[in-house]
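Enquirer: Sequence:
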Amino acid sequence: MVKGKVVLGDESGQGEGHLVCKEGELLDSRQTRLLKLFSVCLSEFRVKVLAHWSAASGEVTEVKQPTMEGVMEGVEAS
Numbered sequence: 001m002v003k004g005k006v007v008l009g010d011e012s013g014q015g016e017g018h019l020v021c022k023e024g025e026l027l028d029s030r031q032t033r034l035l036k037l038f039s040v041c042l043s044e045f046r047v048k049v050l051a052h053w054s055a056a057s058g059e060v061t062e063v064k065q066p067t068m069e070g071v072m073e074g075v076e077a078s
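6 is the number that the numbering used here gives to position 6 of the sequence shown; each next residue is one higher, with no gaps.
Be aware that one or more of the hints could be misleading.
In silico DSS-like links for lysine-lysine, alpha-carbon gap of 27 Å or less [to be verified]:
#1 Lys48 with Lys64
#2 Lys3 with Lys22
#3 Lys22 with Lys36
#4 Lys36 with Lys3
Simulated from the structure, these hints should not be mistaken for lab results.
Starting from the given sequences, assemble the full structure and let the hints guide the process.
Expert: Listed below in structure tokens is the structure:
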């Protein structure tokens, strides 16, 4: 990136391909901006709910965890 613009190769558009990042390496701000620009998602965010709180009753209720039969790659089958 040069002055906030994506530049790959020389000004005429000719040149070698550009590797943005490799698996396992720490990304800098330039790399993250390029990945965002090209809509590349490299991470996945998951939350496992263990319990929930009710403001009305003030009680905490533990959530029953699904068995492996109802789960496919971390997502419950419908």
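Enquirer: Taking only the CA atoms, is the gap from Lys22 to Lys36 under or equal to 27 Å?
Expert: Holds. Lys22 to Lys36 sits at ~16 Å (cutoff 27 Å).
Enquirer: Is the Cα-Cα distance between Lys36 and Lys3 27 Å or less?
Expert: holds, 17 Å
Enquirer: Mind checking the alpha carbons of Lys3 and Lys22 for me, to see if they're no more than 27 Å apart?
Expert: holds, 24 Å
Enquirer: Do the alpha carbons of Lys48 and Lys64 lie within 27 Å of each other, as the hint requires?
Expert: The given pair, whose Cα atoms are some 11 Å apart, holds under the 27 Å limit.
Every hint from the earlier list agrees with this structure, and none is contradicted.
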